[in-house]
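Trainee: Here is what each chain is made of, one letter per residue.
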Amino acid sequence: MNEANFDNVIHAPNRLQICAVLAEIAELDFKQLKQQLDVSDSVLSKHLKSLEDAGYVYILKKLDNGRVRTWVSLSPEGMKAFNGHVLALKAIIG
Amino acid sequence: MKDEKVNLNSEQAMQSLDLLKQTQTKLSLSVRPPIWLSSSAGFAYGLFTLSFSFGMNQGIWMWGVLLSIIMFTSLIVYWAQTLKKRGIKGKIWPSNGKSRFTWILSAVVFAILVSSAISTANNGYLLMSALISIITGVCFTATLHYFPNYQFVDGKSYQGNSNE
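Protein chains in written order, with our numbering: chain A, 666 to 759; chain B, 952 to 1115.
The set of hints was computed from the structure by calculation and includes no laboratory data.
It should be emphasised that the depicted structure is a prediction, and the values quoted were computed from it without experimental measurement.
For glycine and all other residues, C-beta sits at the position ideal for the given N, C-alpha and C.
Just to be clear, a hint being listed does not mean it is correct.
[Claimed, not checked] Chain B stretches covered by chain A per the calculated footprint, using a threshold of three residues with CB under 8 Å from any CB of chain A: (1) 973–979; (2) 1040–1052.
[Said to hold, decoys possible] With a straight-line Cα cutoff of 30 Å, these simulated DSS-like cross-link-like pairs (lysine-lysine) come out: (3) B:1036 to A:699; (4) B:972 to B:1049; (5) A:699 to B:1035; (6) A:699 to A:711; (7) A:755 to A:714; (8) A:755 to B:1049.
This is chain B alone, in the form it adopts within the complex (with noise of 0.2 Å):
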């Protein structure tokens, strides 16, 4: 049935395409964690950074960084089965390449972020490397919402779809 000679104007293609937009953003929607979860995932995250920049063998901030990790694992894995109950097994490498885009872009300006926040912390600036934590924390909520099938949905783009 492969390229067979179809009759298809512009205008059909864009329904087409339209249509298959419609269709990633309503499930983009039904992956994307409840706010909470965004939230307290960006405050683990935050709470990871800032810990690990104050000093790993320093007492509290040992206890930081483990209590962060252990609250960011198992959000993540409560998550992962949420959506497995409902049916929905996730990619953690995205297929097309717009997806990869933003998980490379993503990956590297969180490890620009925490990496600024150990060399300014190591370097005296405690203050600044705080509010690069802080900056870390509500960037991965941020993505946790808007990216969360790692392609831009902001809730308002999805109108529904009627097919057939």
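Next comes chain A alone, as it looks inside the complex (with noise of 0.2 Å):
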């Protein structure tokens, strides 16, 4: 069971979106990621860097039909911490 838990590293909007998504799939396309989120190469990387530093997200680059692509997943301590902040976020609201 989850505890509310506010997590500053999760609430930035990009950052939260990221979370919510890997949440529902096992490992999305860095592409795919971007399409989703409508955001630059740039902002999802900056992101996603924060998320990795955190230990919330891995980051593996595999080769696919001879070209590579960059898979990323949200970690169990990842799923912890959106848990928890989506639960602080609804306790906020009460």
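Two chains, two separate frames, one set of hints: put the complex together.
Mentor: See the structure below:
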């Protein structure tokens, strides 16, 4: 069971969106994630770096048909932090 | 950065939750199979229920079971591969409570429908069994269309999002 826990790393709108998408899916390609969020490569990279530094996402480069694809997934810590953050937001609303 | 005191009023919290919902709805619409695929998978599931109920060991119904399994498996594998090419790898077991409830509920409902079709056919009510099989197929199509990611999505609920 998760506890309500406001998390400043996740709270930024783009990072909240990244976690919201990754919480629902096993892995997402960088390009697909960019498309889901409707942001530029640099903005997405910056937010992913913050989440990776916090240990909330895994970023893996895999070879697929001769080209490198970047796959992003939420770590167990990221999932826990995201669920806790959502509970904290719900607690604020009451 | 965790547990820092943040001054957030309920309106801002509501906006964050709305943004979260919009984002997840957009994702659900991205993973939703096209209607032809949902209908074909529903048809295969209905055909399987009908053929299995009417007697797997009897000639044509055995072929019905075989055909429906091949058709159903091919459609699911095709859609999983299509999503993977587009950069999406789905989860078989969802991570949040609501989605898990939907997953379990749909598994229970389909188990009840299939076993009802079998038991009505075994008791000689073939028409009733056929009707249950059709209902099973239609329900499966509707589940794939409205719960593509184990959460209800109707397309109208997504109004696009603007951020940053």
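Trainee: What hints, given by number in increasing order, does this structure fail?
Mentor: none
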